[in-house]
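Protein sequences appear in the order of chains A and B.
Under this note's numbering, residues 2 to 320 are what the first sequence spells out, in order.
Under this note's numbering, residues 16 to 516 are what the second sequence spells out, in order.
Keep in mind that the hints were calculated from the coordinates and are not lab data.
From the three backbone atoms N, C-alpha and C, an ideal C-beta is built for every residue, glycine too.
Do not take every clue at face value.
Unchecked claim - Facing chain B, a subset of chain A residues (Cβ under 7 Å, in silico): (1) Gly-153; (2) Leu-154; (3) Thr-189; (4) Asn-201; (5) Gly-209; (6) Val-268; (7) Ala-272.
Said to hold, decoys possible - EDC-like mimics (lysine to aspartate or glutamate), calculated; alpha carbons at most 20 Å apart, straight line: (8) Lys-64(B) with Glu-29(B); (9) Lys-121(A) with Glu-252(A); (10) Lys-488(B) with Glu-470(B); (11) Lys-354(B) with Asp-156(A); (12) Lys-354(B) with Glu-203(A); (13) Lys-401(B) with Glu-29(B); (14) Lys-64(B) with Asp-88(B); (15) Lys-353(B) with Glu-203(A); (16) Lys-93(A) with Asp-156(A).
Said to hold, decoys possible - If you want the ones that stay clear, here's a sample from chain B, every Cβ over 10 Å from chain A, calculated: (17) Leu-93; (18) Leu-240; (19) Ile-341; (20) Arg-399; (21) Leu-457.
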Amino acid sequence: MSSARHSPRKPIAEFFDKAGMLVVLAILFMGCSVFVENFLSWRNMQGLALAVSMTGMVACTMLFCLAAGDFDLSIGSVVACAGVLAAVVMNKTESITLGVTAGLGIGALVGVTNGYVVAKLRINALITTLATMQIVRGFGFIISDGKAVGIGLEDFFTLGSSALFGIPTPVWITAVCFAVFGFILNRTVFGRDTLAVGGNSEASHLAGIAVDHVKIIIFTAQGVMAAFAGIVLASRITSGQPNTSQGFELEVISACVLGGVSLTGGVGSMAFVIAGVLIMGIVQNAMNLLNVATFYQYVARGLILLAAVLFDRWKRRRA
Amino acid sequence: MVPAALSFDHVSKEFPGVKALSDVSFHVHAGSIHALMGENGAGKSTLLKILSGAYAPSDGSLAIDGQARTFADTSDALAAGIAVIYQELHLVPEMSVAENLFLGHLPQKFGIVNRPALAAAARKHLALIGEDIDPWTKLGQLSLGQRQMVEIAKALTRGARIIAFDEPTSSLSDREVRRLFTIIRDLRTRGCAILYVSHRMEEIFELCDQITILRDGQHVATAELATLTRDAVVQRMVGRKLADIYNYIPRPHGGTGLVVEGICGPGLAEPCTFSAAAGEIFGLFGLIGAGRSELLKLIFGGAAKTAGTVSFAGRALTIASPRHAIEAGIVLCPEDRKKEGIVPVRSVLENTNLSARRRTAHAGIFIDESWEQTNARDRSTQLRVKTPSVHQLIRHLSGGNQQKVILGRWLSEKVNVILLDEPTRGIDVGAKSEIYTIMQDLARSGVCVIVVSSELPEVLGVSDRIAVMRQGKIAAILDRADASQEKLLKLALPLETARAS
Chain A
2 MSSARHSPRK PIAEFFDKAG MLVVLAILFM GCSVFVENFL SWRNMQGLAL
52 AVSMTGMVAC TMLFCLAAGD FDLSIGSVVA CAGVLAAVVM NKTESITLGV
102 TAGLGIGALV GVTNGYVVAK LRINALITTL ATMQIVRGFG FIISDGKAVG
152 IGLEDFFTLG SSALFGIPTP VWITAVCFAV FGFILNRTVF GRDTLAVGGN
202 SEASHLAGIA VDHVKIIIFT AQGVMAAFAG IVLASRITSG QPNTSQGFEL
252 EVISACVLGG VSLTGGVGSM AFVIAGVLIM GIVQNAMNLL NVATFYQYVA
302 RGLILLAAVL FDRWKRRRA
Chain B
16 MVPAALSFDH VSKEFPGVKA LSDVSFHVHA GSIHALMGEN GAGKSTLLKI
66 LSGAYAPSDG SLAIDGQART FADTSDALAA GIAVIYQELH LVPEMSVAEN
116 LFLGHLPQKF GIVNRPALAA AARKHLALIG EDIDPWTKLG QLSLGQRQMV
166 EIAKALTRGA RIIAFDEPTS SLSDREVRRL FTIIRDLRTR GCAILYVSHR
216 MEEIFELCDQ ITILRDGQHV ATAELATLTR DAVVQRMVGR KLADIYNYIP
266 RPHGGTGLVV EGICGPGLAE PCTFSAAAGE IFGLFGLIGA GRSELLKLIF
316 GGAAKTAGTV SFAGRALTIA SPRHAIEAGI VLCPEDRKKE GIVPVRSVLE
366 NTNLSARRRT AHAGIFIDES WEQTNARDRS TQLRVKTPSV HQLIRHLSGG
416 NQQKVILGRW LSEKVNVILL DEPTRGIDVG AKSEIYTIMQ DLARSGVCVI
466 VVSSELPEVL GVSDRIAVMR QGKIAAILDR ADASQEKLLK LALPLETARA
516 S
């Protein structure tokens, strides 16, 4: 651990340390292109992009949550509840605007609640969001009476099913999210404060950072983003499904951690998240193309996550 | 000749940027009490951590009964018969005394604890050290002195033959200290080798047979204590004229600076009032728990005050949070650097700009990248932070350099008052001297410097005036010329103890 060790290093080792999972992603992509039939086809690429778009969107705000040293388990329930509520309101009022607003509103409400309880009342994020996860899931079932709510407004479906330059709209939205949230994390005071809070919240407080506000804003953004993902999903499947996206929160957190975002806070970047989301998506897509049975896919995904975390730990010990 | 019970053989320990121990060799014999002395940062705790198996030496080795040993971890050292009794005791307050004594090796059959056997064994070991405590008492109900006895008994249950004490008397009453000494002498008679770390000269001369003195990680001397005078010990510990490193030069004070009036809050027993002029260095001395850090936190808005006012240059300030204080030019370098100062997983640059970037960002939102780079580099150069680049993670820096980065964080702001809480704790002598220079420079430029220290020579060396805190209140404020180690200590000691001694 002497300081000399951190000065000039072998360039290859340095590149590997910095790029980390991006290298794994590149190798994985090339491997799949060569060995998995139909992987590189335009159709499959479109499908792959669409499949990861929802995880990608929500992973953007989850990155902030994790970077600040918290996490949010309620997002899967928010996705479902926002979709259902948007569907119900649209059917009742015949207004897309009102439906979308209601959906986003419930997301914001859940987010503010999470943030307030975690930051001000100082309850552990695990417990807080575990509670809201169940409350919101229940609420989704209540307003839909436990059944899928079909949506009658056809215009609403363009959000999920239209495409620009042959690329589906949700994919564009995700790409924009990656850019915007990446910029916020790297280039704004709020982003840097987020990482500082996650790295040491007491030190951040004593350096004049409004720690509570940062956390509340992050949870709120997380809730709104999950609700938005839920609305896009509802548009794609033309209905609000109260039991959709169970376990989605774990998928998103897995993708972030897989990319190298630290669960203890303070370490993370958008490049990590993009790598994590894409690795997860490609593995799943390849397994589907190779006709791997669903049951085995669970095992494979779990193993990959474990391997990624162990790899990260090994890398950090060496550093 | 019988080999020594414990030998350190050319032991060195390096941390990034600091050599905590270099080439230390000495022997501790069975049936003797061996004192280990040195200033803060001399390497005593590092040595104890190596003994306990918590650190592995970078170089050199330990030998027990002449056999070289390496410990993979602390349980290895325990198994080899070594027990280190720290200031903060490693006991579980929610569990019974008996369970604490046998933690990790409870008498059991098929995983079920044999309670009668446990109680009997606990009684036996408590009797060995002359304690008559019901083994089923919850540890949390015992006094600190009794807990220490339990810790010693626990060492005996593991058959420890080499026992190290780290400042064992720092929180004990006089009577408890006498008990402790009786037991330590008893352990000596039974053939234990004892390593005794303390700052208290009287104790060392009363209790110990040999002494080893460390200074700046170097082994200075090992001798029979009877051959040394107190002055000789001090001289070897310090090794230089103390005044030299403080760089104190009298300077004129400016007008009204910080005025704190009747401030009350958690950790203070009485309202505190003091003032420090612009350009003055104002020392706050007191024992641990006297309320010094709490007072600083209240001024800074890090804790909520229940009454009192803070003003600067005659202007009353409303400070409800650290941000308000920083905006008013009042900044704090906290005592616990790791917990409250640095963000370990972020770079030197991030840690430097943590606060000032709020002012320099475009529209208060978008980072000014070039300012961030320039400021971090300038502060690092100005304060001579030893780091390969400003992008280095701060946790890889030595304590002294981390402290400089935190100073740099505040020098990036417009500072009127700087509150320094134990600014040189755990820092090597070279960096200490640099930090004293920075303090003097700040004061000369008109900044009001408030410095908390529990090291007498330090607070005497740097301050223009010194307030002594005792049990949550300001006991007295002395001028530099009137202050002496004896006076400060007498004022700082809790009243009961002062009467007893």
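Consistency of the hints with the structure:
1. Gly-153: At about 42 Å, which exceeds the 7 Å cut-off, the nearest Cβ of chain B leaves the hint on Gly-153(A) violated.
2. Leu-154: violated (37 Å)
3. Thr-189: holds (5 Å)
4. Asn-201: Interface hint status for Asn-201(A): holds (4 Å vs cutoff 7 Å).
5. Gly-209: Since the shortest Cβ distance to chain B is 4 Å, the answer is holds.
6. Val-268: The hint holds - Val-268(A) has a Cβ within 7 Å of chain B, the shortest such distance being about 5 Å.
7. Ala-272: violated (16 Å)
8. Lys-64(B) with Glu-29(B): holds (13 Å)
9. Lys-121(A) with Glu-252(A): violated (28 Å)
10. Lys-488(B) with Glu-470(B): With a Cα-Cα distance of about 19 Å, the restraint between Lys-488(B) and Glu-470(B) holds, given a limit of 20 Å.
11. Lys-354(B) with Asp-156(A): The hint is violated at about 55 Å.
12. Lys-354(B) with Glu-203(A): holds (7 Å)
13. Lys-401(B) with Glu-29(B): OK: Lys-401(B) and Glu-29(B) at ~16 Å, within 20 Å.
14. Lys-64(B) with Asp-88(B): holds (10 Å)
15. Lys-353(B) with Glu-203(A): holds (10 Å)
16. Lys-93(A) with Asp-156(A): holds (16 Å)
17. Leu-93: holds (25 Å)
18. Leu-240: Given a closest Cβ separation of 37 Å, the condition holds.
19. Ile-341: violated (4 Å)
20. Arg-399: Arg-399(B) is indeed farther than 10 Å from all Cβ atoms of chain A, at 14 Å.
21. Leu-457: With a cut-off of 10 Å, Leu-457(B) remains clear of chain A, as the shortest Cβ separation is near 19 Å.
Hint compliance for this structure: hints 1, 2, 7, 9, 11, 19 are not met, and every other hint is.
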